[in-house]
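Could you put together the complete structure from these sequences and hints?
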Amino acid sequence: MLVDPHPAHFVRDPPHKGEGKAAPRLTLSGISKSFPGVRALHDVSLSLYPGQVTALIGENGAGKSTLVKIMTGIYQPDAGTISIDGQAVTLPSAHAAFGHGITAIHQETVLFDDLTVAENILLGHAPRSRFGTIDWRTMRKNAREVLNTMGAGHIDADARLKDLGIANKHLVAVARAMSIDAQIVIMDEPTAALSLKEIEELFLLVEFLKSEGKAILFISHKFDEIYRIADRYTVFRDGEMVGEGLIRDAGQSQIVRMMVGRAVDHIFPQRKAEIGAPVLAVSGLSHPTEFDDIGFELHRGEILGFYGLVGAGRSEVMQAISGITRTSSGTITLEGKAIVPKSAADSIDAGIVYVPEERGKQGVVIGLPIFQNISLPSLKRTSKSGVLRLAEEFALARSYTERLDLRASSLSQDVGTLSGGNQQKIVIAKWLATTPKVIILDEPTKGIDIGSKAAVHGFMAELVAQGLSVIMVSSELPEILGMSDRVVVMREGRIASVYDNKRLDAETLVKTAAGIAA
Amino acid sequence: MTDTPAPRYIPDRLDKPLNAAIFSWEALLVAVAVAIFAVNSFASPYFLDVWSLSDLTFNFTEKALIALAMALLIISGEIDLSVAAIIALASTMMGMAMQAGAGTPVLVAIGILVGLGCGAFNGLLVTRLGLPSIVVTIGTMSLFRGIAFIVLGDQAYKGYPSSFAFFGQGYVWWVVSFELTLFLVAAVIYWFLLHRTSFGRRVFAIGNNPVAAQFSGVRVGRIKFILFCLTGLMAGIASVLITSRLGSTRPSIAQGYELEVITMVVLGGVSILGGAGSIVGVVLAAFIMGLVTFGLGLLNVPGIVMSIFIGLLLIIVIALPIVWRRVRRERLT
Amino acid sequence: MKVFPRYREVWLLAAIVVLIGLISMRFPGFAAFGNLRQLFNDTSILMILALGQMVVILTRSIDLSMASNLCFTGMVVAMLNAAHPAIPIPLLIVIALLVGLVLGAINGFLVWRLNIPSIVVTLGTLTIYRGATFVISGGAWVNADQMSPDFIGLQRAAFLGIPVLSWIAILVIALFFLLMTRTALGRSIYAIGVNPTASVYAGIDVGRTKFIVFCISGMAAGLCGYLWISRYVIASVEVANGYELNIIAACVIGGISIAGGIGSVGGAVLGALFLGIISNALPVINISPFWQMAISGSAIILAVVLNARGERRQGRIILKKAEAA
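Chains as they are written, first to last, in numbering that gives the first Met the number 0: chain Z, 0 to 517; chain X, 0 to 332; chain G, 0 to 324.
Everything labelled a hint here was simulated from the structure, so no lab data went into it. Any given hint might turn out to be false.
[Unchecked claim] Which bits of chain Z does chain X cover? Going by a derived footprint, with three or more residues having C-beta under 8 Å, they are:
| # | region |
| --- | --- |
| 1 | 337-344 |
| 2 | 348-362 |
| 3 | 387-399 |
Every residue, glycine too, gets a C-beta built ideally from N, C-alpha and C.
Okay, here's the thing in structure tokens:
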């Protein structure tokens, strides 16, 4: 158990009276911020109240991360005021924000893997001895105290952070916030990399922070989480604030309307693809530490979903099939022919492409323009004996970006200037342009806005209708259930079960993935 | 972030405003070169003589040849600090062969092959063992030059055949030296390779994001290996030219060249962090460095003081656009 | 696997002991206390320089200008001493530290304020500082007979049987040890190397910290400027030419990762000692000193290979072991 769910001072259901009247701890008003050529925020306001969770909601590119960077002192606003407990403040640096008790908990980036837990908690405000040097003993003691108050006494203050699981890393991040006596805690998509169980544990932590009277800003794309944990909401669209209020007064569709400026019923596309003969057959695929005895078949026109908890080995299997990592044994057969891909280049040549999960790190090449990103895996086709043919590259890029409804000012624009959703379209386009037989999509809609999501799903349906075969790795149940023909569930590096997606329910999948007997 | 609520049709490229061309890195370098040229011709009456100008080119062609390959290597995110040591080792090997009675063609072949071999050795260590190139090549720098010292000690090889002198001292036509001709031909080849072939495109992709490049089917290791080989090869060619020009080999030959080559590349607008750069910039930077050294030489400024100018030039040319951008942004707000 | 990186210094120490053991098999006098004391004294300057370079490398930067800084500062103090022999040596040392600090601060300022990569900045100042030495000296040398006896004599003096130069090195090592393990600055330096983005969010001023590390490396180089000149009793433009790469080599052999965040005071000291032993031992065991360069080159390559083995992260382990039966 990570956190005792019912410590004595824990108020499960804070009384709502006086909500509107309680003084906000932090108020941002009239904040504007522009970058060369882009208006990121225009005259936005936001208030955070002690003991309450405010959800910040908006599509990608709505200006949420810019606001977080302003609140943590990384960016300076062009206009507007920030006040804490009614006092106007400026936050010229991250250090200043820190001094005002503002702290941010990010997905993974805020902590230091090679430092110890105690160092991570107390870095920047370590106790000093008489001589001004770091007092290690007091430091460990303080760290332990903080962890104990949170009911996380099981974490060793001397352990290196890299030896902890992701959930415990979150605990350390929260402990850090506690130790600086942060009054304002920003949680920027904290659940993105977490499994269901870890998310539950995180929510207990949020409840704990609320009970301590912290003002919390919670940023998430997931409505179930927002309704679970938030007290208030603020909605951004295109850099402007378009609505705020109490979450219990607002319906989900109302908030979605505010986000997108129109009502969107996300319905998964109807598909009429004929499922044909097997195209890809994998059997006995094994790796010394990552997965074991993986076997499945993929048919023409099929979408095969791969479901499992984060870290179940799904991406690792897909990277092995596409030649990026090596296997210790097993066979891969494509259209009846055994293939042994030794690199991504081999598998692309054979007709299997892998669209990776980490868009920024593995997908797009930031620094290169759109058309060069798209042609990169297809350079053999768009060049003649090694000499580039720009016209062909532009033609290739145009045909795919049009199909995916890309929004950009020109094909020579640097991909780094596009929003997450549009970058994802580039990522899909570049691998699709190699005209593969099998396309493996790893978390294709992770962290992108609803509009782009629908475009990606619609496109997948189009692909299989044209006779392609798709493997879709996803941790989002609605997506798995809405898109797959069959679902493979993986657990701890092995295939736990394969289901036909007829009358399949979410509960069965979750239980199989977690290893709970149905 | 910049989703322009889109027209369905996306143009290939937007018309570049004229000032984008005016404020490009290459334009800045041209301006600097013209300025130095003008100052030189005012300062010394001997400067504007064709033979002076021809002599000028000997100052930089050998280093510039290496800089061409080094530019590609740095764009791909790697670096080679051992190039000067490769020159020393290749020159020493040529000297050994010369003493054993080898003729000019064999000497040239040895120089080039030793360079290629050293480059391949660096490439193997970096790509096969996954080691950081800056450290590996500090090591091989000591190793290669160290071997030259073991062979030669405080001795020198002298007495290269007279036909060997052509490469470093000969002229192809009138005042156009063989070295300059070779450099210009090589510059065209490298320009084509970097900017007009799929190989060059992959080099840029690797420099900007090696992981995404690998996922996109770029054979990252193989391309980096080739780039180390090319750099070694160019160092081998440079070794032939220098040995031929000096007519002798000492183990301390070309000492400190590696930093001048890298200065040339960075001055040419290649990002030291990888991913960006152009051959035109590197060629311009080579001429600028030659002009500075030669012009100051005519004014009897000692070499060591010239290096101050090169160092200042490097920092100022890099800092200028940064300061300029900052000032302009402040004026806008 | 986990133990290895933490105790890399122990392995290096073991290698040094074995090396000394092997040499003394052929030449028994080598391991004698007197000779080892001499060895330490000979390596003192390199140790101090390596420590200065270490703090820079830990923050994912590099200082190529240290040897030029040393050369310039050495010339300044030598010329001061030649012109005004009355200036007391402690004051000269303070001047050396200050001059070094200023040159380091110039590097740091360019890295911090203009955000130019440190390798570019220090490549530029490498040539500028050495050129400046020529400008202030007019190309002339300062010879032993122009220096005051105190200037030359200080570090030849011994205290408790150990030369003053060695005492200075010991003091510097102790200061660096305190800095890296007992101060918030030391923690920040490691944190920046491990994860620069996270450091910003943790409230560390990354730019300012980088500025400070260049000031530290500058001061180390400045101090060595005096030490070098008074030891080798000649100040010229050629002093320590190319030495910047020896300094980096000592760090690399000492296990300091060029990618930042990994390395220790002990490692830097041992790395310098290792190079010192090689250069000292060769004449003793009758190998031409011309072998020294190739041997240190091989040692660097070997050290990188071994360090990379230790640093290499293991892949994720997903499969549960022994799910037998």
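Hints, verified against the model:
1. 337-344: This one holds; 3 residues, not fewer than the three required, reach chain X with a Cβ under 8 Å.
2. 348-362: Held - the region 348-362 of chain Z has 6 residues with a Cβ nearer than 8 Å to chain X, which meets the minimum of three.
3. 387-399: Coverage by chain X holds for the region 387-399 of chain Z (3 residues, Cβ < 8 Å).
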